[in-house]
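Enquirer: Note that the protein sequences, when read in sequence, are chains A and B.
Here UniProt numbering is used: the first residue of the first sequence is 1, the next is one more, and so on.
Here UniProt numbering is used: the first residue of the second sequence is 1, the next is one more, and so on.
It is worth saying that the hints were derived from the structure and are not from the lab.
Since the model is a prediction, treat every value here as computed from it, not as a measurement.
Where hints are given, some of them may not hold.
[To be verified] Pair ranges (Cβ atoms, derived):
id, chain 1, residue 1, chain 2, residue 2, range
1, A, P257, B, F56, 24 to 32 Å
2, B, F133, A, E362, 30 to 38 Å
3, A, T173, B, H52, 25 to 33 Å
4, B, F144, A, G401, 28 to 36 Å
5, A, D196, B, L29, 41 to 49 Å
6, B, A13, A, D105, 19 to 27 Å
Glycine included, every Cβ here is placed at the ideal spot set by N, Cα and C.
Given next are the chains, with one letter for each unit.
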Amino acid sequence: MAALALAALGALAAGTGCTVANSDSLTGGADGALQIVLQQEPPTLEPCESSLTSTGVVVRSNITEPLIERDPVSGALQPLLATEWKSEGDRTWTFKLRQGVTFQDGSPFDSADAAFSIERAVGSKLGCNVDGYVFADSKLEVATPDPATLTVTTAEPDPILPLRLSFLEIVPTGTDTRAKVREPVGTGPYRISKWDTGISLRLDRYDGYWGAKPAYPAVRYVWRAESSIRAAMVTSGEAGIATGIGPEDGAGDLGVPFPNNETTALRMDGNVAPLNDVRVRRAVNYAIDKNGIVRSLFLKLGEPAGQLVADGVVGHNPAIAAWPYDPAKARALVAEARAAGVPVQTPITLIARNAQFPKVAETAEVIQEALGQAGLNVRIRMLDTAAHLEYQLRPFVRDAGPTLLLIMHGNQAGDAGFTTSQYLVSDGPQSQFGTPALDDMVAKADRTTGAERARAFGEVLAYQNEHVVQYAHIAHMRGLLGIARDVRYKPNSATTDELRLAEVRPAR
Amino acid sequence: MPTFVRRRVVSSALPLVVVILGVFCLARLTGDPAKLYLPLSATPQMRADFLHRNGFDQPLLVQLWDYLRGVFTLDFGESLRTGQDAAGMALRAFPATLQLAGATMLLAIAGAVVIGSWAAYRPNSLADRLSGFLSMTAASMPDFWFAIMGVLVFAVTLGWLPTSGVVGGPEVWVLPLLTLLIRPFGVLVQVVRGAMVSALSAPYVKVARSKGASERRVVFGHALRNAAPPVLTVAGDLTVGLVNGAVVVETIFGWPGIGKLMIDSILQRDFAVLQAAVLVTAVTIFALNILIDLVHALLDARVREAVPA
Chain A
1 MAALALAALG ALAAGTGCTV ANSDSLTGGA DGALQIVLQQ EPPTLEPCES
51 SLTSTGVVVR SNITEPLIER DPVSGALQPL LATEWKSEGD RTWTFKLRQG
101 VTFQDGSPFD SADAAFSIER AVGSKLGCNV DGYVFADSKL EVATPDPATL
151 TVTTAEPDPI LPLRLSFLEI VPTGTDTRAK VREPVGTGPY RISKWDTGIS
201 LRLDRYDGYW GAKPAYPAVR YVWRAESSIR AAMVTSGEAG IATGIGPEDG
251 AGDLGVPFPN NETTALRMDG NVAPLNDVRV RRAVNYAIDK NGIVRSLFLK
301 LGEPAGQLVA DGVVGHNPAI AAWPYDPAKA RALVAEARAA GVPVQTPITL
351 IARNAQFPKV AETAEVIQEA LGQAGLNVRI RMLDTAAHLE YQLRPFVRDA
401 GPTLLLIMHG NQAGDAGFTT SQYLVSDGPQ SQFGTPALDD MVAKADRTTG
451 AERARAFGEV LAYQNEHVVQ YAHIAHMRGL LGIARDVRYK PNSATTDELR
501 LAEVRPAR
Chain B
1 MPTFVRRRVV SSALPLVVVI LGVFCLARLT GDPAKLYLPL SATPQMRADF
51 LHRNGFDQPL LVQLWDYLRG VFTLDFGESL RTGQDAAGMA LRAFPATLQL
101 AGATMLLAIA GAVVIGSWAA YRPNSLADRL SGFLSMTAAS MPDFWFAIMG
151 VLVFAVTLGW LPTSGVVGGP EVWVLPLLTL LIRPFGVLVQ VVRGAMVSAL
201 SAPYVKVARS KGASERRVVF GHALRNAAPP VLTVAGDLTV GLVNGAVVVE
251 TIFGWPGIGK LMIDSILQRD FAVLQAAVLV TAVTIFALNI LIDLVHALLD
301 ARVREAVPA
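Kindly generate the complete structure, drawing on both the sequences and the hints.
Expert: Encoded structure:
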């Protein structure tokens, strides 16, 4: 009966000439807006929160712009609101600013705005994500010798300050400094037109934009939590772009794979037996069939990893291969530890986050089985994001026993320094242990630049694998972006965090 | 009747109080929101500022007192996630759920009365068995699966309907409504049929027929009126369930209702919004329950007398 009713209603809808899915909104529906479907509504569009993926994907380089941007393919820094920059000494940087730029409220952009934006976001009471994540504990002094010049002085030498500033979005002076703003004004190619909370967010092209005019006069973001619905929206023509879809969501050839800079790994708590024995931690590495996981669970969307940062990030070490899958060796190492008195049968908790990536629960089960074969006793706990963070971030949950935490790390900054300060040094916010030697190597690497920096961080990552073994790396992941046939866009490693609308065009 | 109403209000208010206190306590057992809202490398000072700014550094009893005061003034504070007024967010989301639940129940009752009466009129006929089988299937259909299949067939394959959304013409209602409708519809067909079978075999129906009443009048005038109380009670319970449980449909179809808001608030440890959303829902369910009892009591005097003092 229900099926009959369903068919009758469907026929009714068709018969009465209702607006059908395909006729609305893709590249030129009634309002000519490009529709993009996201996983979730941005909680805020506050620019200093744009290191949050859900905020950054809308805000960055669309509504607001930084002084400098990082090319997601080459990793090179490119001019944006700053046309050139140079360091004087090892602590002061001078930036020449672009002239003729206006904010979307019509006010002109100059060095006062740049200085204001830095002071508002870094070391302020606002508690901005960009402050903690990109400028952790930095003390910056800014000066404006003239409207077209900005100088930034750091307390300690900071060779990657321009890279850090590429994460800082510029807002006009007068923006609230006591509270975060939900709907900011920026210099970007699009301005916020209407945010219908819970339903959609519309951006309109800003006609006074200093750069090239983007192709779409307007963009409308909607959000659907279910990935198969997002994929269906692209295949049915309701959306031009769908983010965060999986290989099994049915987008077919409209699902475009791209390296998303994310790496999955197990973080091992080396403070608690049996994981405090390096033989056991090595056994975990040998026991996991990374190729098998990538092939069968990730449907080849990824490649086995041997380090926390993917190719393209400064410090990625091409000489590091993924640990070979060697279950016999894993068993032997566990047996050796058992013989030496290590309580290898102590239950180890494998903690994973629901929906962190496609097939995350199955990945945890495969790992559990593999470690069981190696002689370890593993049980799984699947948690939501907030509960997972209790284990992921300091202060960690106490008395949790030995834990293996399934993490996914994305280094969108393109520099391994952001990874090592979080995940590898002994007191890193996401690191459970380390060694003084490794801490020392990281500190030295942090003071270098250029090729020397790449080599120094590459050595840090190799040293971790050989001497510390806090991680069992699993895979460098690839994402899928749903792109409708009549939309042209080439996703890159930054797309998840920064989907530049100016790069999206109609295909015809 | 006023005594009946007073007694029902008092006996229904206790669960409301339990819900109000329970959501406060349970929310605080779910973990530290600071980790979700602060930068990964936040300093202890930033953390202390966050806790202070949001009142989480206060003793639990002080927080509870603030919350209870808020309940009476409808001031639940601000959302941690969006910075917006929490009560406002809950009140904005609620009509979307009510509209969906109300429309669903109207369709379900109307359809069930027709199909259930038809089946009951000819018990054990092919039509009766067919409607029994299909309504059982509908009543046990997982709504998640049904929603996804609906999207696959009607949106992706046939292109007749949009996959989701809330803005647009009547077409945006079809898939969410059908998904939400299918289970209550299946249940109600069974209830209507059962009630009508016993009503149609009751002596007063025979009397009505012997007096020459038309079959339409017998079925809809006599039998259905007497079959109505159990049907309305079940329909009321199902409506309560819809208001409370539209989460799946709202999540899948991007319907900005209270169910989705609650789930998002739990996942985001957005206590203020969660508390506001639960209160709005609980009060509505409280009111719905009273309404159901009233209707039931109006239809059946035995119910009025059965409520203890």
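Enquirer: For each hint, tell me whether it holds in the structure or not.
Expert: Against the structure, the hints:
Taking 24 to 32 Å as the suggested C-beta distance range, the pair A:P257 and B:F56 does not conform, at roughly 42 Å. Range check, B:F133 to A:E362: Cβ separation about 36 Å, and the 30 to 38 Å hint holds. Distance hint check for A:T173 and B:H52: the Cβ-Cβ separation is about 28 Å, which falls inside the suggested range of 25 to 33 Å. For the pair B:F144 and A:G401, the supplied restraint of 28 to 36 Å holds, since their beta-carbon distance comes to about 35 Å.
Distance hint for A:D196 and B:L29: a CB-CB separation of about 34 Å, inconsistent with the stated range 41 to 49 Å. In this structure the supplied range 19 to 27 Å is violated for B:A13 paired with A:D105, their Cβ-Cβ distance being about 51 Å.
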